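One-letter residues, chain by chain:
Number of protein chains: 2
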Amino acid sequence: MTMTSSLNQSTLGAASLVRHLGKWRSANGSDPAYRQLARALKLLIMDGRVPLSVRVPGERELAQALGISRTTVAAAFNQLRDENYLASRQGSGTVTRVPGGNRVGIEAEAEGDEEGVIDWTAAALPAPAGMWQAYEVALSQLPTWLSRIGYEGSGIPCLREAIAADYTRRGCPTRPEQILVTSGAQHGLTLVLQLLAGPGDRIVVDHPTFHNALSAIARNNCRAVPVGLPAEGWDIDAMQAALRQTSPRFAYIIADYHNPTGRHMDAATRRALVDAAVRTRTPLLIDETMAGTGLDADLFDIGPPPVATYDPGGAVISLGSVSKRYWGGMRIGWIRTDEQTIASLARIRSTIDMATPVVEQLAATALLDGSVPVESVRRAEIRDARDRLVTLLADRLPDWHVPLPEGGLSVWAEMPRPEASALAAMAQAHGLRVAPGPRFGIDGAFERFVRLPFTLPPAEMDRAVDRLATAAERLLSRVRPMAAFSPHWALEAERVI
Amino acid sequence: MTMTSSLNQSTLGAASLVRHLGKWRSANGSDPAYRQLARALKLLIMDGRVPLSVRVPGERELAQALGISRTTVAAAFNQLRDENYLASRQGSGTVTRVPGGNRVGIEAEAEGDEEGVIDWTAAALPAPAGMWQAYEVALSQLPTWLSRIGYEGSGIPCLREAIAADYTRRGCPTRPEQILVTSGAQHGLTLVLQLLAGPGDRIVVDHPTFHNALSAIARNNCRAVPVGLPAEGWDIDAMQAALRQTSPRFAYIIADYHNPTGRHMDAATRRALVDAAVRTRTPLLIDETMAGTGLDADLFDIGPPPVATYDPGGAVISLGSVSKRYWGGMRIGWIRTDEQTIASLARIRSTIDMATPVVEQLAATALLDGSVPVESVRRAEIRDARDRLVTLLADRLPDWHVPLPEGGLSVWAEMPRPEASALAAMAQAHGLRVAPGPRFGIDGAFERFVRLPFTLPPAEMDRAVDRLATAAERLLSRVRPMAAFSPHWALEAERVI
Numbered sequence: 001m002t003m004t005s006s007l008n009q010s011t012l013g014a015a016s017l018v019r020h021l022g023k024w025r026s027a028n029g030s031d032p033a034y035r036q037l038a039r040a041l042k043l044l045i046m047d048g049r050v051p052l053s054v055r056v057p058g059e060r061e062l063a064q065a066l067g068i069s070r071t072t073v074a075a076a077f078n079q080l081r082d083e084n085y086l087a088s089r090q091g092s093g094t095v096t097r098v099p100g101g102n103r104v105g106i107e108a109e110a111e112g113d114e115e116g117v118i119d120w121t122a123a124a125l126p127a128p129a130g131m132w133q134a135y136e137v138a139l140s141q142l143p144t145w146l147s148r149i150g151y152e153g154s155g156i157p158c159l160r161e162a163i164a165a166d167y168t169r170r171g172c173p174t175r176p177e178q179i180l181v182t183s184g185a186q187h188g189l190t191l192v193l194q195l196l197a198g199p200g201d202r203i204v205v206d207h208p209t210f211h212n213a214l215s216a217i218a219r220n221n222c223r224a225v226p227v228g229l230p231a232e233g234w235d236i237d238a239m240q241a242a243l244r245q246t247s248p249r250f251a252y253i254i255a256d257y258h259n260p261t262g263r264h265m266d267a268a269t270r271r272a273l274v275d276a277a278v279r280t281r282t283p284l285l286i287d288e289t290m291a292g293t294g295l296d297a298d299l300f301d302i303g304p305p306p307v308a309t310y311d312p313g314g315a316v317i318s319l320g321s322v323s324k325r326y327w328g329g330m331r332i333g334w335i336r337t338d339e340q341t342i343a344s345l346a347r348i349r350s351t352i353d354m355a356t357p358v359v360e361q362l363a364a365t366a367l368l369d370g371s372v373p374v375e376s377v378r379r380a381e382i383r384d385a386r387d388r389l390v391t392l393l394a395d396r397l398p399d400w401h402v403p404l405p406e407g408g409l410s411v412w413a414e415m416p417r418p419e420a421s422a423l424a425a426m427a428q429a430h431g432l433r434v435a436p437g438p439r440f441g442i443d444g445a446f447e448r449f450v451r452l453p454f455t456l457p458p459a460e461m462d463r464a465v466d467r468l469a470t471a472a473e474r475l476l477s478r479v480r481p482m483a484a485f486s487p488h489w490a491l492e493a494e495r496v497i
Numbered sequence: 001m002t003m004t005s006s007l008n009q010s011t012l013g014a015a016s017l018v019r020h021l022g023k024w025r026s027a028n029g030s031d032p033a034y035r036q037l038a039r040a041l042k043l044l045i046m047d048g049r050v051p052l053s054v055r056v057p058g059e060r061e062l063a064q065a066l067g068i069s070r071t072t073v074a075a076a077f078n079q080l081r082d083e084n085y086l087a088s089r090q091g092s093g094t095v096t097r098v099p100g101g102n103r104v105g106i107e108a109e110a111e112g113d114e115e116g117v118i119d120w121t122a123a124a125l126p127a128p129a130g131m132w133q134a135y136e137v138a139l140s141q142l143p144t145w146l147s148r149i150g151y152e153g154s155g156i157p158c159l160r161e162a163i164a165a166d167y168t169r170r171g172c173p174t175r176p177e178q179i180l181v182t183s184g185a186q187h188g189l190t191l192v193l194q195l196l197a198g199p200g201d202r203i204v205v206d207h208p209t210f211h212n213a214l215s216a217i218a219r220n221n222c223r224a225v226p227v228g229l230p231a232e233g234w235d236i237d238a239m240q241a242a243l244r245q246t247s248p249r250f251a252y253i254i255a256d257y258h259n260p261t262g263r264h265m266d267a268a269t270r271r272a273l274v275d276a277a278v279r280t281r282t283p284l285l286i287d288e289t290m291a292g293t294g295l296d297a298d299l300f301d302i303g304p305p306p307v308a309t310y311d312p313g314g315a316v317i318s319l320g321s322v323s324k325r326y327w328g329g330m331r332i333g334w335i336r337t338d339e340q341t342i343a344s345l346a347r348i349r350s351t352i353d354m355a356t357p358v359v360e361q362l363a364a365t366a367l368l369d370g371s372v373p374v375e376s377v378r379r380a381e382i383r384d385a386r387d388r389l390v391t392l393l394a395d396r397l398p399d400w401h402v403p404l405p406e407g408g409l410s411v412w413a414e415m416p417r418p419e420a421s422a423l424a425a426m427a428q429a430h431g432l433r434v435a436p437g438p439r440f441g442i443d444g445a446f447e448r449f450v451r452l453p454f455t456l457p458p459a460e461m462d463r464a465v466d467r468l469a470t471a472a473e474r475l476l477s478r479v480r481p482m483a484a485f486s487p488h489w490a491l492e493a494e495r496v497i
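Taken in sequence, the protein lines are chains A and B. Here the first sequence stands for residues 1 to 497, where the numbers follow the working numbering. Here the second sequence stands for residues 1 to 497, where the numbers follow the working numbering.
By construction, these hints were calculated from the structure, which means they are not laboratory data. Take the hints with a grain of salt, since some may be wrong.
In silico negatives: residues of chain A with every beta carbon more than 12 Å from chain B [to be verified]:
#1 Pro226
#2 Ile236
#3 Ala267
#4 Thr309
#5 Val358
#6 Arg396
Not the full set, but computed from the structure, chain A residues with beta-carbon under 8 Å of chain B [claimed, not checked]:
#7 Leu43
#8 Glu59
#9 Val117
#10 Trp132
#11 Leu146
#12 Arg148
#13 Ile149
#14 Glu414
Predicted model only: the values in this text are computed from it and were never measured. Glycine included, every Cβ here is placed at the ideal spot set by N, Cα and C.
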């Protein structure tokens, strides 16, 4: 479940710690040096960059490595001991800890983590370094909010501003009034469904598409109308035909690192998509949850602007979220569209869950407005994980076709035979949970596909691929494939993220 | 919007500060005294008990009042200056501040707070002292969660345990597996509606009842079947008749400090209610949002156990929340029922909003398990506010009937004539927003009633009553009452909490 390897009672070298510390001295520096050092060390511990129960270098050694006086290091260590971030034990030196310790049950729990079973269904990562600091910033700003009633149903102004500024920076001019803060993108989808669609209405979707979007559509008694994705990119002619022929209430599209395929829509296609929507007077709901997860640097930096940029007005509703870009434990998303629709959505919102927590909103602001920089090193790590997975699969399952995704957190692997559901069942018997293709489609489609996230830690990913390959071999040796997956997959299946 | 009076640049007396500090020295006390004092002062500032920009006593004066050395106070002040909780300015002494300062726009924003208009629709309070500390505890425990993916859709184990223990303590034995953590009670209601009811289904409700429950029922295309509340208590015979005759999917009841009437169901009625539900095989959804808001001490302490206590099995679903008991800006609620139903609700949940934020859950745990005590002084304050409002109304509107509620955050005031909607419109013209009775009923009922919260600060409450009385006089002098409120009140009206 973690990308940080567990270094129980191991030792952190001085050179490594110095690298982690980076520029720990602040520029203005009214604080004494020992305080600045203590604070930098505390952040490393709280953010998980330095694991718990690790032995830190001795005072003399660290002072030498940092080129500062031993007194300064000693004072910093003393403060951290006082504040319970360090503990000195006879014989084991000084080790890292956190004041709160572990909460009851966290070790035992490990959701769905039965003895030895690897859950390979979640395309989600642990928090990046910087997340703890974002919440720390939130707490420093909380007092002014505590004197208010706290129901911030549309979003606090600073967060709406930070989100609007992010769109504007990416080439899509946006005012804060065009933003509604939600409790994640899924929540935003629910709001849009409730505003625009009623029982029996049709919603056009990419096919395959995000399984939880299909669940939400079914849950709201609407019908998903699939438009198949071609071998590459999107088929805008087919999309336009579907929009014209089925009179859907809206079309739900993932243009940025599409889930599950990882593909990315180019600027010309974005423009053509909006044109098709305008011609057929169909609103587009663009899910940008995966925006910001591009793995190839140039694409990430000069990628096409948001789909809403091409909107002549009133045609596009954008859904965003911090859960893939930053962390799923922070439940902040947003809707961007015209102000009038935002006001209508805000009214619906109070009938569903009233408001989004104030602390979450403050912490998300600190991430989005750049107050707390999140290390770009994470993107390199994810890219390495992707490449590692593709290489492993090519080695162990050479007859599978695994396109390299440009972004996102998983590959959409194609099997030589349509038996994904049978494979998933067989894998389960080998201690591995995977998400078979039909979860991402309608009426049992995509039996040739499996979605495989590259979010597991390296050693666990190795084991997962091993078990998958074993399951595939066993499947091949069986006389006949197992029964197809239950059609009730969307609502009854294990949760997939 | 705040119960804390704004004491801009005023001075906090040493005696007052000593009272606020209370027992600031910890029992074990491995920390030096100056650190303990600094920490206690910091909590007072962050929790809002000591306002910002207030001048604190001088070092010598405070040392004398606390009976400690001036050196200790000086060291504590030094630390707080270093950490930006105190600022010393030439000529104005040492004043309180917070490191984060104000966020952009909070002054300008004040949601719906147009120039001089008093919003008297929200029955909600600012955060109690202890709230900031609860989030501080959460942050100290966050690191162990940051290494996980963060989707905690059913709730983190320690919070489910704390909620279950709270039920058990109140006489209703509960296991953690019987608890689903939600993002507030309204969110819990949405989940139950989605699990148990489909388009066109009937839901029995108290009449009047919480307006947002009616909105959620309408939003899910269900029909509310009203069962009128008698002059006092509940009419269980009428309830049983409605359950039998209308075959509802469930009945939604507020037994604890009913919103809007504030009444409280006694033990015998609770038992009779469950019996009626069992006889008619109708699930009861018991909204306990207001539980814990009892204002008369003996009732609060020895009040009847939760309705679920009388459940022979499978008949009762309980909805809880921290938003009225603690703070609406913390978005944590829960559902308590049998384990199988909890599992079904958890599956639905992922199609609506995936999960509840981890930090919110950790902070709520700290409040519910008693790690952070919330001052009981708050209940006395609320009771005073209630009594003050009832006295003011008796004085200014003597022909109104205003029963004294046993708990909750508002009175349900009865006017001599059925013109609540007209009064609300007239009040708006006098700079006051109030929630007319029909918002809490079906088909325009309760035109004789207005819900008036006692959550405004004293001075604002005085002004609000003054404006209400003026509006009532003006209404009386008009030739004919204004048109009744739009029937679309539930979805189109301003949000009421």
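| Does the structure break any of the earlier hints, and which numbers would those be? | Of the numbered hints, 5, 7, 8, 9 and 14 do not hold.
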